[in-house]
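**Q** Quick mapping for you: the protein sequence lines, in order, are chains S and G.
Our numbering puts the first residue of the first sequence at 430, with every later residue one more than the last.
Our numbering puts the first residue of the second sequence at 430, with every later residue one more than the last.
These are calculated hints, taken from the structure and not from any lab test.
Hints should not be assumed to be uniformly reliable.
If chains are identical, the list can't say which one is meant, so a pair holds when it fits in one copy or spans any two.
Mimicking SDA-like on lysine to any residue, the simulated pairs with C-alpha atoms at most 20 Å apart in a straight line are [to be verified]: (1) K518 - T535; (2) K482 - M534; (3) K598 - M481; (4) K538 - D614; (5) K431 - L476; (6) K505 - A596; (7) K598 - L539; (8) K637 - E619; (9) K598 - K637; (10) K646 - A635; (11) K582 - V648; (12) K482 - L607; (13) K637 - S617; (14) K641 - V475; (15) K538 - K552; (16) K646 - I632; (17) K582 - F647; (18) K474 - D484; (19) K495 - G584; (20) K582 - R611; (21) K538 - N470; (22) K598 - N638; (23) K646 - G608; (24) K646 - A573; (25) K538 - E498; (26) K505 - E605; (27) K477 - G608; (28) K477 - P511.
Residues per chain, in single letters:
Number of protein chains: 2
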Amino acid sequence: MKIAIIGGTGDIGEGLALRLARQNDVIIGSRDAAKAAEAANNYNKVLKERGMKDDIRGMSNEDAAKNAEAVILAVKYQVAVPTLDALNKAGALTNQIVITPIVPMTKPKLCAFSPPPCGSATKECCAVITPGVRMVSTFQTLPAPRLANLDDKLGFDVIVCADDEAAKKTVMGLAEQLGDIRALDGGSLEEAPLIESLTPLLINLAIKNKTKPLSIKFV
Amino acid sequence: MKIAIIGGTGDIGEGLALRLARQNDVIIGSRDAAKAAEAANNYNKVLKERGMKDDIRGMSNEDAAKNAEAVILAVKYQVAVPTLDALNKAGALTNQIVITPIVPMTKPKLCAFSPPPCGSATKECCAVITPGVRMVSTFQTLPAPRLANLDDKLGFDVIVCADDEAAKKTVMGLAEQLGDIRALDGGSLEEAPLIESLTPLLINLAIKNKTKPLSIKFV
Chain S
430 MKIAIIGGTG DIGEGLALRL ARQNDVIIGS RDAAKAAEAA NNYNKVLKER GMKDDIRGMS
490 NEDAAKNAEA VILAVKYQVA VPTLDALNKA GALTNQIVIT PIVPMTKPKL CAFSPPPCGS
550 ATKECCAVIT PGVRMVSTFQ TLPAPRLANL DDKLGFDVIV CADDEAAKKT VMGLAEQLGD
610 IRALDGGSLE EAPLIESLTP LLINLAIKNK TKPLSIKFV
Chain G
430 MKIAIIGGTG DIGEGLALRL ARQNDVIIGS RDAAKAAEAA NNYNKVLKER GMKDDIRGMS
490 NEDAAKNAEA VILAVKYQVA VPTLDALNKA GALTNQIVIT PIVPMTKPKL CAFSPPPCGS
550 ATKECCAVIT PGVRMVSTFQ TLPAPRLANL DDKLGFDVIV CADDEAAKKT VMGLAEQLGD
610 IRALDGGSLE EAPLIESLTP LLINLAIKNK TKPLSIKFV
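The following block holds chain S by itself, in its conformation from the complex (with noise of 0.2 Å):
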């Protein structure tokens, strides 16, 4: 599958590179195509190192998403809507699957869900996105530097929400190509808080309880 991972240079953005490479066609996107380029020469290194398929390419956000039929959006919840919208404009969105793993986050003193008056970062996001577009909702408890390990086997439970059935099952096949992973059915976007709200427990009790960071299973 081809797949476009939107701020792919950085947080989640290189272990989701790195680990569906292995099966997919992965194109990083940044604002900048240079970084983007400079990111995927790094993560194929990496992959060659490993005798690994290295054919991850690098390019502008609007390019990358143009050319893929799954687009991950690996932003900060801050710049989730801008650059949807800038992707929009681009006409780089038309019917593909675009899947969201933001979290809208506060750090008071532990890590607080702070969603939008809507109740989520995936509805806000539903309503900039083109008719067509597929939104699926999944990937917050993916925690970035496990992920980047690829001596890591994972084993963890991934939750995936979406309306679009079809859209869904196409992203829990892609979530168990990561790893160890167990992919669940989360519901629709409708239940989409009750995993956004997980990325901030996680990270709280990593650091109340002083382990790795933590990621979910559910037994």
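Position chain G relative to chain S; hints supplied.
**A** Positioned in the frame of chain S, the structure of chain G alone reads:
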């Protein structure tokens, strides 16, 4: 430890009573003392059959709370504040630890977290307790039927939030008496929304993925 389970005649009250009775003095509370005595009697039968200590008692909610060091509010969200008010009016709460597993939840199609304006059921309960009472928010992720089945080893994590660190430690200890449980520090009562919203998530995941009642583990 002397533990009162308010509303201990059903739901997670049953499992908490059966499991905590092994190492504690458990009192079932109900608005109807006779109902509490009947539930206590039924629980004692289960314990006796297993050759375990069978000294659970049943009393009115007020008497149960007065006789306890820790008071678990195992009631539905809708009656939580009225129940606390009644305990206060009877002078039943002075300096106990009050444990709230209460979750404000609605079910349009799947479950949603529907916190009151203050942000959580925990905070709402805090607003009506007597000064000196130490509130602890936990147990939201314990599935009632698995808790009530003493053959289930559980194997979950339980998150505990409190402002009073000593009360938090005490309740983390109680949590670990329930079974193969790891108690995790979830921070202060400010962080309670993040754990209250796990209940609708767990219910939804079990429905959508057709699993047994689920709990959670952080890995």
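**Q** Indicate, hint by hint, whether the structure satisfies it.
**A** The hints, checked one at a time:
| no. | hint | verdict |
| --- | --- | --- |
| 1 | K518 - T535 | neither (29 Å within a copy, 38 Å between copies) |
| 2 | K482 - M534 | neither (36 Å within a copy, 47 Å between copies) |
| 3 | K598 - M481 | neither (26 Å within a copy, 48 Å between copies) |
| 4 | K538 - D614 | between (32 Å within a copy, 14 Å between copies) |
| 5 | K431 - L476 | within (18 Å within a copy, 59 Å between copies) |
| 6 | K505 - A596 | neither (23 Å within a copy, 37 Å between copies) |
| 7 | K598 - L539 | between (34 Å within a copy, 19 Å between copies) |
| 8 | K637 - E619 | between (30 Å within a copy, 14 Å between copies) |
| 9 | K598 - K637 | between (35 Å within a copy, 13 Å between copies) |
| 10 | K646 - A635 | both (15 Å within a copy, 13 Å between copies) |
| 11 | K582 - V648 | both (18 Å within a copy, 11 Å between copies) |
| 12 | K482 - L607 | within (15 Å within a copy, 49 Å between copies) |
| 13 | K637 - S617 | between (32 Å within a copy, 10 Å between copies) |
| 14 | K641 - V475 | neither (23 Å within a copy, 41 Å between copies) |
| 15 | K538 - K552 | between (26 Å within a copy, 17 Å between copies) |
| 16 | K646 - I632 | both (15 Å within a copy, 14 Å between copies) |
| 17 | K582 - F647 | both (17 Å within a copy, 15 Å between copies) |
| 18 | K474 - D484 | within (10 Å within a copy, 66 Å between copies) |
| 19 | K495 - G584 | neither (33 Å within a copy, 46 Å between copies) |
| 20 | K582 - R611 | within (12 Å within a copy, 22 Å between copies) |
| 21 | K538 - N470 | neither (38 Å within a copy, 46 Å between copies) |
| 22 | K598 - N638 | between (35 Å within a copy, 13 Å between copies) |
| 23 | K646 - G608 | both (14 Å within a copy, 18 Å between copies) |
| 24 | K646 - A573 | both (17 Å within a copy, 19 Å between copies) |
| 25 | K538 - E498 | neither (40 Å within a copy, 30 Å between copies) |
| 26 | K505 - E605 | neither (24 Å within a copy, 37 Å between copies) |
| 27 | K477 - G608 | within (19 Å within a copy, 47 Å between copies) |
| 28 | K477 - P511 | neither (35 Å within a copy, 64 Å between copies) |
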